[in-house]
Amino acid sequence: MKKPIEIAGVTKHIGVPRKRTEDPQILMGQAKYVDDIKLPGTLEVAFFRSTHAHARIKNLKLDAAKAHPDCHHIFTNNEFSAGATTFFPGTRGTLHPVLMPFLAKDKVRFVGEIIAAVVAPSRYIAEDIVDLIEVDYETLPAYNDVEDAMQPDAALIHEDLESNIYYADSFSNGDVDKAFAEADLVVSEKIATGRTSAAPMETRGVMATWGWDDTLTVWSSTQMPYPLRTSIAVNLGIPEQTIRVVAPTVGGGFGQKAHFFPDEFILPWIAKEIKKPVKWVEDRREHLLSAAHAKQCTIYMSIAFNKDGTMVGMKIKNIGDSGAYSQYPWSGLIESVAANNGAPGAFTVPNISFETVICLTNKMSTGAYRGVGWSAGCYAREMVMTKAARLLNLDIVDIYRKNFIRHDEFPYTTSTNQTYDSGDYHKVLEKCLELSDYASTKKQSRATEDGKLKGVGIAFFVEQTNWGSRSAEESGFPATLHDTTTVEMDPTGKVTVRSGQFSHGQGLKTTLAQVAAETLGVPFEDVVVLDGDTATGAYGMGTFASRSAVIGGGSVIRAATDVRNKLLTIAAHVMEANAADLEIDEGKIYVKGSPDRSMTVAEIAYITFYDRFARPDEDEVEPTLSATRHYDPPAAYANGSHAVHIELDPLTGKLDIKRIVAVEDCGNMINPKVVDGQMRGGASQGLGMGLLESLEYDESGQLKNASFMDFLIPNATTLPDIECAHIVTPSPYTEGGFKGAGEAAMLSVHIALSNALADALSEYDGPLVPMVTPIGPQQVMDLINNVNQPQAR
Amino acid sequence: MKPANFEYFRATSLDHACELLRAHGDDAKILAGGQSLIAAMNYRLARPQFLIDISNIDSPSEITDESDGVRIKATTTQAIAEHDPVVRRRLPVLANALEHIAHFQIRNKGTVGGSIVNADPASELPAMSLLLDAEFEIQSASDKQVMAAEDFFITYMTTALQSDEVLISILFKAPPENSGWGLHEVARRAGDFALVGSAAIIALDDGGKCSFARVVLFGVASTPVRATEVEDALLGQSCSDALFAEAAKKVSEVVDAESDVHVTDEYRGNVAEVLTVRALADALSRAQAAS
Amino acid sequence: MVDKKKISLNVNGVTYDREIEPRTLLSDFIRHHLDLTGTHVGCEHGICGSCTILMDGLPVRSCLTFALQAEGKAIETVESLDTNGELSPLQNAFWENQGLQCGFCTPGILMSMKAFLKHNPKPNRDEIREALSGNLCRCTGYHDIVDSVVAAAEAAISSGTAKA
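Residue numbers (our numbering), protein chains in the order written: chain C, 27 to 819; chain H, 146 to 436; chain S, 94 to 257.
With beta-carbon atoms standing in for the labels, derived distance ranges: (1) Q307/H x P816/C: 43 to 53 Å; (2) Q290/H x S471/C: 54 to 64 Å; (3) E164/C x E374/H: 46 to 56 Å.
Distance condition first, Cα-Cα at most 25 Å in a straight line; then the derived DSS-like pairs of lysine-lysine: (4) K343/C x K204/C; (5) K298/C x K64/C; (6) K457/C x K468/C; (7) K394/H x K478/C; (8) K98/S x K174/H; (9) K215/S x K684/C; (10) K97/S x K174/H; (11) K680/C x K394/H; (12) K592/C x K520/C; (13) K478/C x K680/C; (14) K216/C x K204/C; (15) K395/H x K680/C; (16) K480/C x K680/C; (17) K64/C x K97/S; (18) K174/H x K166/S; (19) K174/H x K99/S; (20) K468/C x K428/C; (21) K99/S x K64/C; (22) K92/C x K97/S.
From chain H, some residues computed to sit far from chain C (all C-beta separations above 12 Å): (23) S158; (24) D171; (25) S397.
Everything labelled a hint here was simulated from the structure, so no lab data went into it.
Just so it is clear, CB atoms sit at the ideal spot from N, CA and C, and this is done for glycine as well.
With the rest of the complex left out, here is chain C (with noise of 0.2 Å):
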């Protein structure tokens, strides 16, 4: 089919850095998140959790609790036996279902597991019923580190399973032994990220109510409304055309609400078994304890490399913290499985071989954050270059440049099968470099007059976006994703985009509606978008994986494009001319070169609705202005580089952050400003990855910063503003030219900090490199010491 519209940088509304149509709302204070929603009667939920890392439930005592005059109701596995495993189809290696129950039967395996669900009149209440709870439990063995859980003698963690490891797979591509025998330099190096979680600063919450006609309403702080419908239908068993999912305005997901997680389901359920609404909304305790983690791996990395920094091959061991299940619905595997499959990044990697492992340990599931896999996966290579650079006595610029896959070499693929469509490496690199200062400050002392000593640091990225199918095979995961989108246009010529998509704070609602308007030739003011509700919008997938601008944005265009095909047919009868001879701006439809012959959309819409004498027969027209279309996109690889300037007090080990630059290239951008927006919080998300955050749990499995007292997540001093720049080749395979841009900010910004940290202590003995996440205080002064390094088992 001929691409609807050629976009080149800026037009009428694609490219235009228009306000969101969604913020006044919010600004006021009017949005609805899932706690702000009342329906009389409502009934609150708190849930009762495992205390317990690892251990058999003996004995579970309701007596105190069910005495509490109001208690309405306690809920237990006896009651609710129904669990799920991830529904992916299939992967590489051998997947071992792991079964995740929604409340724990038997056995609990990881501290915040949910054991009964209290249905009280309110919050405060069910939390006094909770407290009223005991169990008797009978403690096992209890696996924080990943590489203790696989022994072969360690406990079981689900038993009927025959190991922790879950799943496998290897693969090759080239002679990898031989580049590394020939190589002159091999580097080898473990490299430990830590544990991390969205955290959004809305945590998650759910409430159902059933309806009177037996019909569920589900409301949930989720990126997913639709496949949620579908997992409560299937998982429940209820009718999916009698479910309603709605998101409400969500506040923020960042991949981790694009799960379903066992309240997702107890709370429907306890709605039709009740027929009362019911409400949880999730506390930041719960939210740390329970909601999936993310980005802890363990990284055996190993890079062969001429004297001349040319990388000849690599080999990796990628060990995945699953964490106590394999979280629904993407499974543990996703965090490894994507590292392993994006591995050779912006370079030309010719012999690689890597090995995934994916263990169980009694800590939260890990799943989906901004950037799954390859922030973990990324920062392991690029800190062994970093180190191989030093050691070849090159800069890692140098290493960039020489391995780099050249501007015409695209489409290229990767030595691990992902075929990457169109970029500028080389461009987009210097342009970061020439931003940052990045050679005449590495040109500097680094010792300043008060005893600090400064670092610059780069790295770039190479991001798959925009997660449909084939997207979605090339990092190792045959899924099935697409979207669908309606345009419909009502008699008055307003447009309404009816989306499967959701928006949770990336201005979908303002960014659809531009690409719409553009590609009807109407007014944005006149172009609406629904999501998030399943009862008015199109079955889709939702919002993650740097997927909505393509994928959400090409199926509008596909669907808008039908919508201006069938206007301009009607217009063509209407006003007696070639439909091919006329042109839609704005809102009125003229014939080229005439613009005096003119009439408005509206007419059109109206006479096409109410006149049958005015429009063409409807055996020849049906007089509808809707389309649905469908839209499942090749991959699109969008990329970028990050530049960071850092003081470091080498006696705190405490490092200022004093200048960040981001250029990135995502194709072709729909709303520069939001693209900016993404940029900057995925930097902020990255560096507190990088220099903040880790979920810490003791030998006992008991995590020890459940409250944002001591999980750090960065503030506005944390960091200096976001310098962004664009450098735009439109992706050839996308509709639009549209690459994704969500999750590449988070990509590489922790790696140039952590080059900066290694520029910074660029004149100690070493080279130190650091080789974990995050560099805190007390990582620096290890890495300074040369004390408490990652071993090798």
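Start from chain C and add chains H and S according to the hints.
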């Protein structure tokens, strides 16, 4: 995360609060700004049966310029103390320390007395009360007493205050004329509790020798601690970077740190020494400027 | 069972008289007893700042305040800022500069910044960052929020509404 039930009493004055404490005894707790207590209650780590609210007593904030120092009524908010001209003029180190406490939204409600009574060993005000030889005016329904700061802090979050007693006011003693102060801490982000902190006051005699030295560390033991060994190594000596480096080594005598999710005990000990050198250097340059 | 207590306070210019359990947090009181849900709750231990409201003009954490402590006080929440749907200059500056994404932290930030700009009408970027440090935002990386506050200060100065 909601607090457990309690019975609530609103005191109209600190005397009234003492009466209420006598009536309800061990199961009662004073609620002032609540910035630590309510957080602990929300986590249900604290479950007082009775709360006696002193946040709405008549004229809660009073700061008095006295001959030997500045007296601050315990219920004075940290924000009012921070911006008070008398505090800023006579106790600049205290004003600086107040700015380090959490964020202004917390300081608008958190009280000077509340922070001291909460006795978190990493927080600034308990350390300041040691640094500035504070005297605590303590009252019960039947008794009044004055207690020196050095006798007040027992261990982690525990003070000498009895369950029927209320902290009424704190007299922070003004340091000697012509003295200078230094305060350094390492926190992971602005507004976080210090991982380690060190505060110092130095005064010089006419010959330029150290005539007064006071060094207090926080975040390094179960209470804030005065490093008298460091002070002794300074008194009567000519101040120099070398002297400070040598003297600061003696912080190890008082450091009894623990490890937490952020840093190890060893880190705290090492950095306490680093920060003490810096605090002394700042104190010296301010003392020299004042002379 | 604990007896309920009477409370009378003024929120956004309206006086409310209610009976509540003493343990009712001011944040829950505003949200669930008065149905003013613009004030958000993000951590309930005073760190995130989403629940920041003004009490007698001063920004405080409503999650670290029992409603009974607000007896007789004047409370302002985010709902007080606009005039019949017309955004205030501060809100407008956030809209113009995209000083928000998911918007959950935004009401707390607006209330903190309202008080901050009154106290410091011509702040520099570092002062704004310091003032923002008690309000966590996970979406924006703060840069566009700082831009918004700068713009709000400039707008106030140019329109002559800034206090000296």
